[in-house]
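Chain B: place on chain A using the hints.
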Amino acid sequence: MHKYILRRLFLLIPVMLGVSFVVFTIMFFTPGDPVRVMLGERAPEAEIEAMRERMGLNEPFVVQFGSFVFNAARGDLGRSLVTRRPVFDELYARFPATLQLAAAGVLVAVLMGIPIGIVSATKQYSLFDGMSMALALVGVSMPNFWQGMMMILLFSIVLGVLPSSGYGTFMHLILPALTIGTSSAAIITRMTRSSMLEVVRQDYIRTARAKGLSERVVINQHALKNALIPIVTVIGLQFGYLLGGAVLTETIFSWPGVGRFMVDAIRQRDYPVVQGGVLLLALTFSVVNLLVDILYAYIDPRIKAQYK
Amino acid sequence: MKTETDNLQPGQVEEPLDHLESSTEEHELRLPDKGSARRSQRAEVWRRLRKNKMAMIGLFIVVLIILTAVFADYIAPYSYRTQHLERRQEGPSGDFWLGTDDLGRDIFSRIVYGSRVSLQVGFVAVSIAVMLGGTLGALAGYYGSHLDNWIMRFMDVILAIPSILLAIAIVSSFGGGLVNVMVAVGVSNIPIYARIVKASVISIKEQEYIEAARAVGAGDARIIFKHILPNSLAPIIVQGTLGVATAILSAAGLSFIGLGIEPPTPEWGAMLSAGRHIIRRAPHVTTFPGLAIMITIFALNLLGDGLRDALDPRLKQ
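Quick mapping for you: the protein sequence lines, in order, are chains A and B.
Each residue of the first sequence is one higher than the one before, counting from 1 in the numbering used here.
Each residue of the second sequence is one higher than the one before, counting from 1 in the numbering used here.
The shape of chain A in the complex, shown without the other chains:
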């Protein structure tokens, strides 16, 4: 098992190198001069040239990429062109808020999606099944930034029961978490239902019923455990989706996370921050997928057995 975890950790290195290459290449070929953004359009040419030299921007692509990777590995993602502070420090300060939002979103999605999916599967073609599948389809189809605004309209403006923006208390978390988690909840509901339907048709479920086990035991202990693997995969993928979605949700609710910071950085053409933010969120996504893969081994003993 340790061998498996180590191997997967090792595989993370080339993926992150590749991600750095893609992100660095996109930013490298960006039209416009970052030094001019930093010093302003009216700065003297000599000063601009000196700054370019100092920042290593006159070096060839390969050299610049090499030093970017070397520095990034040490936690140095450059300096923000706007605040002049290290990008790593800026992102590090905001990362917990983004992680909190994404985790709350996953929690909303799991708490809604799995129970509804199970009931839908066990009562296939019932009214509940039809209604929940229709709602799931609506949930998947709703743009989350629009849903966020509609919830602000209803809960903050019309009813006045929840804050429309801000950070710090549980009340502030409710609307953003619901906004970011709804479409994932819909996807998990659909996945749970179809995965459960596949499992409840297996012979061993018929055997469990024939043994006289109660329906609750059959579903919770025999069916759900076997249906969980594709569901866990989807939850892992949804986490990545939520990290991306955080950019929009944080903007709507003025949530002080990496996403909103990136949107501000884009508006101010602060490229090192955009670059660092994408890199950080991609790394988080990869680590979450790694954790999901490790989790498989605990859910499915067959995977664990392969690495003994």
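The hints are simulated quantities; they were obtained by calculation from the structure and are not laboratory data.
Heads up, a few of these hints could be off.
Restraint-style ranges between C-beta atoms, simulated for each label pair [to be verified]: (1) B:Pro263 with A:Val62: 48 to 58 Å; (2) A:Leu111 with B:Leu85: 17 to 27 Å; (3) B:Arg222 with A:Gln202: 22 to 32 Å; (4) A:Asn58 with B:Leu132: 32 to 42 Å; (5) B:Leu85 with A:Thr169: 41 to 51 Å; (6) A:Val69 with B:Leu132: 23 to 33 Å; (7) A:Lys3 with B:Ala215: 15 to 25 Å; (8) B:Pro263 with A:Leu111: 49 to 59 Å; (9) B:Ala199 with A:Val217: 55 to 65 Å.
All residues carry an ideal CB built from backbone N, CA and C; glycine is no exception.
Using the frame of chain A, we list chain B on its own:
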């Protein structure tokens, strides 16, 4: 709690036998030529799709939206840029069915014209993703070995970046605008199609008819484009339909944060974003463009699900 299988009697099987009977009948018929086989396959898929009410509702709405986009000039009562400054932020009325925005422009007209932009972004972005992803996937699946390894590892790298983030990175670098948004959204979805096509190609390339084509001297390009890709179209069509929905959502998201299509072009995401600051006074400015996006995505999802069931009934739950 009972399921379908509980109701079975001893000796009874779960699957109805109708399809077996019909397939026996088919065997008795003379072997159809290639063209009619393809036609009958299409007819069979259409027959299955037609039986699916939800898919037909989806198809109906999608066709309606396409017609709206095509005939926008005749449907919209006003131009999308005409400003009625004395009637700004008005609610729905006889003159302005869905009200007016911050600049006094008719929201209904802007939604009607906006359907052109959204559909264009959706279809072009998916076409870019299918063409590039499909080619890479076909090469990886057909040649295997090192080429497969290099291509798929690169796809893994792209997949490690959440697609909206990649699109944001591309658009923030090269600027907004219709073309850049379509490219950004398309490129960020390449790996999905590469994986699908690769899986199809691997399963098809070992089939006997491919061996037969090779035996009569067909080249690699002919085998891939003439024999393999047409037979792996089903999953691409399904994913493509659902992909158009995702692409429209991504483009709207980019416009929402100010990175997408530039004003005054009526893009649904940008319209939503413009109404954000006046949501207290004029909620209709954000409500209706959002509904337009939702209905479009909903219809495409219904159609995509229906197509999946019709093209591969084994997947139907």
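Evaluated hints:
About 40 Å separates the C-beta atoms of B:Pro263 and A:Val62, a value inconsistent with the hinted range of 48 to 58 Å. Checked against the given bound of 17 to 27 Å, the beta carbons of A:Leu111 and B:Leu85, roughly 49 Å apart, lie outside it. The given range of 22 to 32 Å is broken by B:Arg222 and A:Gln202, whose C-beta atoms sit roughly 43 Å from each other. Distance hint check: the CB atoms of A:Asn58 and B:Leu132 are about 33 Å apart, consistent with the given range 32 to 42 Å.
A C-beta distance of roughly 42 Å is found between B:Leu85 and A:Thr169, which places it inside the suggested range of 41 to 51 Å. With their beta carbons about 26 Å apart, A:Val69 and B:Leu132 fall inside the hinted range of 23 to 33 Å. Between A:Lys3 and B:Ala215, the C-beta spacing of about 45 Å breaks the proposed range 15 to 25 Å. Our hint of 49 to 59 Å for B:Pro263 and A:Leu111 is violated, since their Cβ atoms are close to 40 Å apart.
For B:Ala199 and A:Val217, the Cβ-Cβ distance of about 37 Å falls outside the hinted range of 55 to 65 Å, so the restraint is violated.
Violated hints for the displayed structure, listed by number in ascending order: 1, 2, 3, 7, 8 and 9.
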